[in-house]
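Visitor: Dock chain B with the ligand against chain A, hints included.
This is what each chain is made of:
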Amino acid sequence: MAKHIVAAVAEIPPGGRKIVTVRGREIGVFNIDGTFHALINRCPHQGAVLCEGAIVSRLEAPMPGEYRLTRPGTMIRCPWHCWEFDIATGQSWCEPDDVKARSYSVSVEPGEALAKGPFKAETVAVSVEQDYVVVDV
Amino acid sequence: MNVALRDPRIERPAQQHLGFVDCDVHPFFRTPADFDPFLSARWREHRQTIGNRSRVGLARTSMYPRMSPGNGMRGDSWPKTGGPPGSDLAMMREQLLDLFDVKAGLLAPLVGGAAAERNVEFGAAMAVAVNEWQCAAFCDPEPRLKASVQITLEHEESAIAEIEARAGDRRFCQVNIPPRGIEPLGRHRYRKILAACAAAGFPISLHLGGTSGHASTGGGWPSFYHEEHPSYVQSMETLVISLVCEGVFEEVPDLKVVMVEGGFAWLPSLAWRLDKHWKRLKAEAPQLKKAPSEYIREHFWVTTQPMEEPERPEDMLKTIEWIGPDRIMFSTDYPHWDQDDPRYAFKVRLPDDWARLIYRENAMALYRLD
Ligand code: FES
Chain A
1 MAKHIVAAVA EIPPGGRKIV TVRGREIGVF NIDGTFHALI NRCPHQGAVL
51 CEGAIVSRLE APMPGEYRLT RPGTMIRCPW HCWEFDIATG QSWCEPDDVK
101 ARSYSVSVEP GEALAKGPFK AETVAVSVEQ DYVVVDV
Chain B
1 MNVALRDPRI ERPAQQHLGF VDCDVHPFFR TPADFDPFLS ARWREHRQTI
51 GNRSRVGLAR TSMYPRMSPG NGMRGDSWPK TGGPPGSDLA MMREQLLDLF
101 DVKAGLLAPL VGGAAAERNV EFGAAMAVAV NEWQCAAFCD PEPRLKASVQ
151 ITLEHEESAI AEIEARAGDR RFCQVNIPPR GIEPLGRHRY RKILAACAAA
201 GFPISLHLGG TSGHASTGGG WPSFYHEEHP SYVQSMETLV ISLVCEGVFE
251 EVPDLKVVMV EGGFAWLPSL AWRLDKHWKR LKAEAPQLKK APSEYIREHF
301 WVTTQPMEEP ERPEDMLKTI EWIGPDRIMF STDYPHWDQD DPRYAFKVRL
351 PDDWARLIYR ENAMALYRLD
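For the protein sequence lines, the chains are A and B, in the order given. Those letters in the first sequence? Residues 1 to 137, by this note's numbering. Those letters in the second sequence? Residues 1 to 370, by this note's numbering.
Bound conformation, chain A alone (with noise of 0.2 angstroms):
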């Protein structure tokens, strides 16, 4: 495991998502209300690219006819079979025993801790001025 500078913070803003390859492995980085959180882009089920598809809010019904919208963005369906993730954590909300999608931990750190190394930025530049996000793969 390494730590690898993906993005600056100012780059993926609240709701928003960037796509990124660390070691040959396509990632998705999310940023869901300030906080950042980082998937495999392949889905468990069928292998899908993941973190290209719709983020949603979870939809829960406790009756028919009652609905509720809650955690507003904080689901990733499938672009395939709509299974759906929560993205914080990679479990599917389908089959929450059995499948998960790989996650990895992310944390934000200034430009200029980072400047001193021993992280990795395979294509972001760093300036100390900023601050970055950066995923443990």
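It is possible that part of the hints are untrue.
If the Cβ cut is set under 7 angstroms, some of the chain A residues that face chain B in the computed set are [stated by the list, open to error]:
#: 1; residue: Q46
#: 2; residue: V49
#: 3; residue: E52
#: 4; residue: G65
#: 5; residue: P79
#: 6; residue: W80
#: 7; residue: C82
SDA-like cross-link-like pairs, simulated, lysine to any residue; straight-line CA separation at most 25 angstroms [to be verified]:
#: 8; chain 1: A; residue 1: K18; chain 2: B; residue 2: T81
#: 9; chain 1: A; residue 1: K18; chain 2: B; residue 2: A283
#: 10; chain 1: A; residue 1: K18; chain 2: A; residue 2: A113
Computed list of chain A residues with no C-beta within reach of chain B, every gap over 12 angstroms [as the list claims (entries may be wrong)]:
#: 11; residue: K3
#: 12; residue: K18
#: 13; residue: G34
#: 14; residue: P72
#: 15; residue: P110
#: 16; residue: A125
#: 17; residue: E129
No lab work stands behind these hints: they were computed from the structure. As the structure is a prediction and not an experimental result, all values here were calculated from the model. Positions of the beta carbon are idealized from the N, C-alpha and C atoms, including for glycine.
Guide: Same frame as chain A, now just chain B with the ligand:
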């Protein structure tokens, strides 16, 4: 904690799939004007100024709009060049034909509105135009793709003429008949068309979806697409029952029927039910010379997608065994949202000889693809 489970399903594909034959691929037009070069001036103007008058009742959408944009398209299949999924041959090659080294792809063009057109003469003209368009846009530039003859079931004369015109043209492999007709397909009024298909050497392909205007279930219109999707099974059962019980196979013994996009696990129990009643109700349908299950085994093929997924995956093997591994053919349904990836569609490992039949050899033999 971010502990990642490794899902065995995508790490260990269940099957050897490369070089398979895909029995359900959907081509799409870039714009409806793509059909114009293949319409006479009379019908071109009709299309442009009047357009389709469908039995369905809704324009520009289906009865059950899907969850995914584009009325149920796989989210990553929108061509970068613009146009809808299925309209870009280069992308179809990249996502399907080349990716899996597909040996042949059977086209199911659910476009043009010929099947549900109320103006049956316009429907007939659109059927011919769609047939020409399939060849010009897909099968001529990409010979791995095989066309299906479109017809208008409610205009017998033009339907038979089109079937006969395509007989012997190796770009066409089958005749596409809308499975939800105005009446069940075994009724007498459709018999000559079915006979023409058999005489031309074409299997008929019954691809589920769409509607003739009747409710999609025997009990009326359901509320959700989630209900509509399993109603495909009812429609498939209606087709099997009608074709068998009306004695179609006694009259057209060479007719071969391929059921597309209805799954297949329902077929054994339907046959058991039909056989049971055949013994009791013989006097009502004396045209049946043998048990319904025998007609089914002789005349029907099924394609896989959307395959049932039993709780105990190995139960699938018993189902396949009953239907016969020689009667099941793999299909993806690309580029629709519920399409199957050939690597992961079966949740159980098939014996190698079954896999060869299902992924390739059955379709090669039925459609004479060599
Ligand atoms: S591949 Fe993601 S839901 Fe099927």
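Visitor: The structure should be examined with respect to each hint, and the outcome stated for every one.
Guide: Verification of the hints:
no., hint, verdict
1, Q46, "holds, 4 angstroms"
2, V49, "holds, 5 angstroms"
3, E52, "holds, 6 angstroms"
4, G65, "violated, 11 angstroms"
5, P79, "holds, 2 angstroms"
6, W80, "holds, 6 angstroms"
7, C82, "holds, 5 angstroms"
8, A:K18 / B:T81, "holds, 22 angstroms"
9, A:K18 / B:A283, "violated, 69 angstroms"
10, A:K18 / A:A113, "holds, 23 angstroms"
11, K3, "holds, 14 angstroms"
12, K18, "holds, 17 angstroms"
13, G34, "holds, 18 angstroms"
14, P72, "holds, 18 angstroms"
15, P110, "holds, 23 angstroms"
16, A125, "holds, 27 angstroms"
17, E129, "holds, 30 angstroms"
Of the numbered hints stated above, those contradicted by the structure are hints 4, 9, listed in ascending order.
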